[in-house]
Amino acid sequence: MKWTKKDLLGITGLSKEEILFILDTAESFRDISRRDVKKVPTLRGKTVITLFYEPSTRTRTSFEIAAKRLSADTINIAASTSSYVKGETLKDTAKTLEAMKPDVTIIRHSMPGAPHMLAKIVESSVVNGGDGAHEHPTQALLDLFTMREKKGTLDGLKIAIIGDIIHSRVARSNIFALRHFDTEIICCGPPTMLPPHLEDLGVKPEHSLEKAIRNADVIMTLRIQKERGGVAYIPSIKEYSTMFGLRKEHLSKAKKDVIVMHPGPMNRGIEIMDDVADGTSSVILDQVENGVAVRMAVLYLLLGREA
Amino acid sequence: MRTKVLLDKKGLERTVNRIAHEIIERNQGVEALSLIGIRTRGVHLAYRIREKIKDIEGIELPFGVLDITMYRDDVFKLKSPEVKKTEIPFDVNNMTIILVDDVMQTGRTTRAAIDAIMDLGRPKRIQLAVLIDRGDRELPVHPDYAGSSYTANPEEEVVVRLREVDKKDEVVVVRSQ
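Heads up: the sequence lines are chains A and B, in that order.
Heads up, the first sequence stops at 310 in this note's numbering, and the numbers go up one at a time, no gaps.
Heads up, the second sequence stops at 758 in this note's numbering, and the numbers go up one at a time, no gaps.
Calculated from the structure, these hints are not laboratory results.
Each hint should be verified, as a subset may be incorrect.
Claimed, not checked - Away from chain A, derived, C-beta distances all over 10 Å, residues of chain B:
id : residue
1  : D589
2  : K591
3  : E594
4  : R595
5  : N598
6  : R599
7  : G610
8  : E612
9  : E638
10 : K660
11 : K705
12 : D725
13 : S730
14 : V755
15 : R756
What the hints assert, rightly or not - Taking lysine-lysine pairs in the DSSO-like style, the calculated list, with each CA pair at most 30 Å apart, reads:
id : chain 1 : residue 1 : chain 2 : residue 2
16 : B       : K665      : A       : K8
17 : A       : K19       : B       : K665
18 : B       : K705      : A       : K42
19 : A       : K258      : A       : K153
20 : A       : K153      : B       : K666
21 : A       : K71       : B       : K660
22 : A       : K5        : B       : K748
23 : B       : K666      : A       : K9
24 : A       : K207      : A       : K241
25 : B       : K658      : A       : K5
26 : B       : K591      : B       : K660
27 : A       : K42       : B       : K666
28 : B       : K660      : A       : K123
29 : B       : K658      : A       : K123
30 : B       : K666      : B       : K635
31 : A       : K8        : B       : K749
32 : A       : K256      : A       : K153
33 : B       : K666      : A       : K154
34 : A       : K256      : A       : K154
35 : A       : K229      : A       : K241
36 : B       : K665      : A       : K9
37 : B       : K666      : A       : K41
38 : B       : K666      : A       : K8
39 : A       : K94       : A       : K71
40 : B       : K748      : B       : K705
Even glycine gets a Cβ: it sits at the ideal position worked out from N, Cα and C.
Model the full structure from these sequences, guided by the hints.
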């Protein structure tokens, strides 16, 4: 298969074959991070910019490490230290950066569609590192990679996504990706945090945590998106935690070999308890490790695309 | 399209056997020796050499598979060629590594393979075994073991077919008219 797309803006727009192609490519890149010499010369001479208008630890670092392990040069721009604070528009910032000839720009922005706008005005590749509550494609790809790694296949899996679904770009991108496979997807949270029309996406809404995780192969917990007003959707954090916080005793309801995922950052004691986050079912740190491999694959494929 | 047979099934088998013998002779045995095949057909050739060495010396050499895509100097001219896995399940440090490829031409694949192995450690030495050396070098690298040499014209292509992937064993020269 040959990669043809200039940008990775979302999971929507990717075919099942393209998703699998990224995951398969990532398999080959993962081993590099496990060697003593964690670097290959593949992207030598290429420049990767991360442009983050929202805070991030793992996504930005993960992209930077991915680019560096492929020998690309990386430049990180955080909104708080950029001309954004002096009133420059995204379009002008993009045009200015474009003039410095980057090969890939990774953008995170609170406005849904910001990466799409950027992709239209710059010639270099654009990767969506999270746009508002819309999409976070590389997170979904690394989640699928981790599920496939742990379960051997995606087909036949029952996946329960728990939490602030309505504000979650992670949930959205995961649903878009998992729909391509023979999966059963359940979204669970308080009624105010479940978006309407989930059924149209083939997703089953559920308000009981215990019902949602019954026989699940995968449980994905999400934090409350305080920056998107999530706290206003529930009576109290304490009540939310009582009803939807994942505790060790819950896991016995799920399949014996269930895996627990969290895209991070975790709010321990709210959506996930310590004994789950640090327990044997947790694959949270595997997700982080796999994120680097998936992002290496994305950078490699975008830069080598067939025009 | 005209084809000329360089090696038939029997000829290919004899050549692989000879290379195996030469490797043992040159290294005065098989101690600290290992084989790494370059994907795709180099892997199958390396495996056959390993089997032959086992017949002769009674020892199974460590065996690895190398994908050189990430180290190619023309990786983006080829438009993201598929990257496959490199699997070298042994420590390359202080090993004598026999790198195995099917056809050698420019030497660029060999350069990439050497760089890839060097990133995994510091082998004692690397030797190169190829089934066919078709000349036309662009880099100063040469095989230590060559099954046979054939000086091909630019319009000729040397095609190695192995039963593991191509259902038959032969080496032919294909000439496009």
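* **Those earlier numbered hints the structure runs against, lowest number first** => Those not satisfied are hints 10, 26, 31, 40.
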